[in-house]
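Enquirer: Make a model of the complete structure from these sequences and hints.
There are 2 protein chains.
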Amino acid sequence: MDKPATMSDVARMAGVHKATASRALNPMTSGQVNQATARRVLAAAKRLRYTPNTMARSLRTSRSMTIGVLIPDLTNPLFPPVIRGIESVLSPHGYTALIANTDNDEDLEAAGFEAMLARQVDGFILATGRREDRLVAAAHTRGLSVVLINRGTDRPLFPLVTGDDSAGIAAAVEHLFNLGHRRLAHLAGPSDMTTGFVRGRAFRQSVAAHGLDPVVVACDAYSVESGRLGMDALLDGPGARPTGMVAGNDLIAIGALHAIRAHALRCPEDVSVVGFNDMPFADEMQPPLTTIHVPHHEMGAEAARILLAELDGAPAAGKTVTLPLRLVVRGSTAPPP
Amino acid sequence: MDKPATMSDVARMAGVHKATASRALNPMTSGQVNQATARRVLAAAKRLRYTPNTMARSLRTSRSMTIGVLIPDLTNPLFPPVIRGIESVLSPHGYTALIANTDNDEDLEAAGFEAMLARQVDGFILATGRREDRLVAAAHTRGLSVVLINRGTDRPLFPLVTGDDSAGIAAAVEHLFNLGHRRLAHLAGPSDMTTGFVRGRAFRQSVAAHGLDPVVVACDAYSVESGRLGMDALLDGPGARPTGMVAGNDLIAIGALHAIRAHALRCPEDVSVVGFNDMPFADEMQPPLTTIHVPHHEMGAEAARILLAELDGAPAAGKTVTLPLRLVVRGSTAPPP
DNA sequence: CTGAAAGCGCTTACAG
DNA sequence: CTGAAAGCGCTTACAG
Chain A
1 MDKPATMSDV ARMAGVHKAT ASRALNPMTS GQVNQATARR VLAAAKRLRY
51 TPNTMARSLR TSRSMTIGVL IPDLTNPLFP PVIRGIESVL SPHGYTALIA
101 NTDNDEDLEA AGFEAMLARQ VDGFILATGR REDRLVAAAH TRGLSVVLIN
151 RGTDRPLFPL VTGDDSAGIA AAVEHLFNLG HRRLAHLAGP SDMTTGFVRG
201 RAFRQSVAAH GLDPVVVACD AYSVESGRLG MDALLDGPGA RPTGMVAGND
251 LIAIGALHAI RAHALRCPED VSVVGFNDMP FADEMQPPLT TIHVPHHEMG
301 AEAARILLAE LDGAPAAGKT VTLPLRLVVR GSTAPPP
Chain B
1 MDKPATMSDV ARMAGVHKAT ASRALNPMTS GQVNQATARR VLAAAKRLRY
51 TPNTMARSLR TSRSMTIGVL IPDLTNPLFP PVIRGIESVL SPHGYTALIA
101 NTDNDEDLEA AGFEAMLARQ VDGFILATGR REDRLVAAAH TRGLSVVLIN
151 RGTDRPLFPL VTGDDSAGIA AAVEHLFNLG HRRLAHLAGP SDMTTGFVRG
201 RAFRQSVAAH GLDPVVVACD AYSVESGRLG MDALLDGPGA RPTGMVAGND
251 LIAIGALHAI RAHALRCPED VSVVGFNDMP FADEMQPPLT TIHVPHHEMG
301 AEAARILLAE LDGAPAAGKT VTLPLRLVVR GSTAPPP
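Same order as they appear, the protein sequences are chains A and B.
Mapping of the first sequence onto our numbering: position 227 corresponds to residue 227, and the numbering continues sequentially without gaps.
Mapping of the second sequence onto our numbering: position 246 corresponds to residue 246, and the numbering continues sequentially without gaps.
A few of these clues could be false.
Residues from chain A that face chain B, not an exhaustive set, calculated with beta carbons under 7 Å [as the list claims (entries may be wrong)]:
hint, residue
1, Ser30
2, Val33
3, Asn34
4, Ala36
5, Thr75
6, Leu117
Computed list of lysine to aspartate or glutamate pairs in EDC-like fashion (alpha-carbon distance at most 20 Å, straight line) [claimed, not checked]:
hint, chain 1, residue 1, chain 2, residue 2
7, B, Lys319, B, Glu132
8, B, Lys46, A, Asp312
9, A, Lys3, B, Glu310
10, A, Lys3, B, Asp122
11, B, Lys3, A, Asp107
12, B, Lys3, A, Asp154
13, B, Lys3, B, Asp164
14, B, Lys46, A, Glu114
15, B, Lys319, B, Asp107
16, A, Lys3, B, Asp164
17, A, Lys319, A, Asp154
18, B, Lys46, A, Asp107
19, A, Lys46, B, Asp312
Don't read these hints as lab results, they were simulated from the structure.
No residue lacks a Cβ here, since even glycine has one placed at the ideal position from N, Cα and C.
Expert: Structure follows, in structure tokens:
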């Protein structure tokens, strides 16, 4: 592998000083240099297949043109669209995303965060926020540029892009109520995350608003397994079996479907289930999942836009962007038995 | 945001030269420095919350500790596990993955590749190979370190980690044959990729080995839409309707299911379908998909291992690692009508 | 319009 | 065991 050409090589071939080469190569400064000279430099760069060394540039300018993105787990189908949304706006601006998974582990999260800091990222998009989040608090103290996505913190330290979870849950409850359901339950996500907390609260309120008694079971995690456990508890517990169930997210909903089957019950004939997120292929599920559609791509794009604006000097502080959600009715909901 | 501490700051606080601080902070060289001195440096680093500037280090050492990963599309559910597999071995070695999507667009692919080169990546993992691939050929000419994953090239220029596609297809055909199917078809992936080509060839051979006539329809892409179109063509075409179908991958299989339903046919009662990949949630599909399981996480991990070994000086050249696959029988296959 | 110089934050032969 | 110096590849005030 022959060494790639540097800017000095280009300058030498073009017969100019490397400072001039630098100016010619940078669109922002190429106006400062004689057109003919600039052309010579460009030609030399092309002939040498010159690729700028971004690390050297970053070291000099102290802008890495890199954004750190922290997510719980890339294999959770909701995140790939978020990531692609983020990249769809970063990329045209010359920024690159650096992605790390935390697996909901605080140590992994801190390690990933530090690694990004060491790589001199210019800002962060965090999909890992908890209501009381030490990392977020520390980032705020350090004066870092951060945008939260999906999950917020109780104290609004940074801009947050999220779905209108309350309206989403209300729509789900309304849908079940209109189908005739009167015994409604919620398999809530972890209450230390705003998503779990807000959706749970919205469920209680919506159900109570219909004069009904909300039943809520808290799940340990947004996972299929936790959903199954939660639904098991619900079906094995005392009290009348619920006929309509709103899940904290689609994964929990899938777990609930497993539990329903394991109890020799059918969805939607015996129990209706509504998910949350409308993750990819939710429409291919058995049964096709009625769920709340969240615009994940747009969510990522909007977070990136806010972050870029902030890096450009627009102070966004505690701004919250709430994206509208919509109920998608499919095969997992029906009138109660 | 107060400026983060540099190594000079740490050195000053510890009362040593920055060269000494550098040695003390690096586990590889900390043996060269007096224990007491080293402790002072470490303490100062901790007090100042010192984070090394990896760009500066990389510039000096010309190793970025970064690997470029090029994939077609992160939202294809097969890739997240591959990525996590890659990261599971990169991460303990201090490497980070830089991911770019190409959307099967040659220009985007070249742009992503160049951007990674500009970021001084130490090597590449490419899941975007075509049988004749200009980018791969160019990378070879330039003497870059590359490992191919899933898809190879006709001329073996780089190490390749792939599943045993031929055996996988043979198992699928065998399964359908044993169920009693005698009219077998294949919705093949694009033949300019080794996956499409190899699976198609294996299908023909396996079916012919049973003394049957293979029917093969080529799809334009590994997508739901292409699968639907292909299956439409098959069902609307002349000739007897196939009772057993092997899809080029799960996405094509899902598209085929759509076409089957649109023709008022049922799967598996009228047509059995076998997918390929066992993508996440394939078991939750309607019907649960019988498919060939590919160990995507391990595939990514193995590719990363080979690349790291090569970066450490182990020449791997055209080595191919073939991972065993296994048929997973679920609900989309049954005896023919 | 162009050049010479300094410096971003590190690492590493080279002396001592 | 430690320090002084050079240099990785850039960019950018400062002169001219």
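Enquirer: The structure should be examined with respect to each hint, and the outcome stated for every one.
Expert: A quick look at each hint next to the structure:
1. Ser30: violated (18 Å)
2. Val33: With Cβ-Cβ at 22 Å, over 7 Å, it is violated.
3. Asn34: violated (26 Å)
4. Ala36: violated (27 Å)
5. Thr75: holds (4 Å)
6. Leu117: This interface hint holds because 5 Å falls under the 7 Å limit.
7. Lys319(B) / Glu132(B): holds (18 Å)
8. Lys46(B) / Asp312(A): This hinted pair is violated, its Cα atoms lying about 31 Å apart.
9. Lys3(A) / Glu310(B): holds (18 Å)
10. Lys3(A) / Asp122(B): holds (13 Å)
11. Lys3(B) / Asp107(A): Violated, at about 25 Å.
12. Lys3(B) / Asp154(A): Violated - the C-alpha atoms of Asp154(A) and Lys3(B) are around 28 Å apart, more than 20 Å.
13. Lys3(B) / Asp164(B): violated (53 Å)
14. Lys46(B) / Glu114(A): holds (13 Å)
15. Lys319(B) / Asp107(B): Since the Cα atoms of Lys319(B) and Asp107(B) sit roughly 28 Å apart, the hinted pair is violated (cutoff 20 Å).
16. Lys3(A) / Asp164(B): With a Cα-Cα distance of about 37 Å, the restraint between Lys3(A) and Asp164(B) is violated, given a limit of 20 Å.
17. Lys319(A) / Asp154(A): Holds, at about 13 Å.
18. Lys46(B) / Asp107(A): holds (17 Å)
19. Lys46(A) / Asp312(B): violated (31 Å)
The structure shown violates the earlier hints numbered 1, 2, 3, 4, 8, 11, 12, 13, 15, 16, 19.
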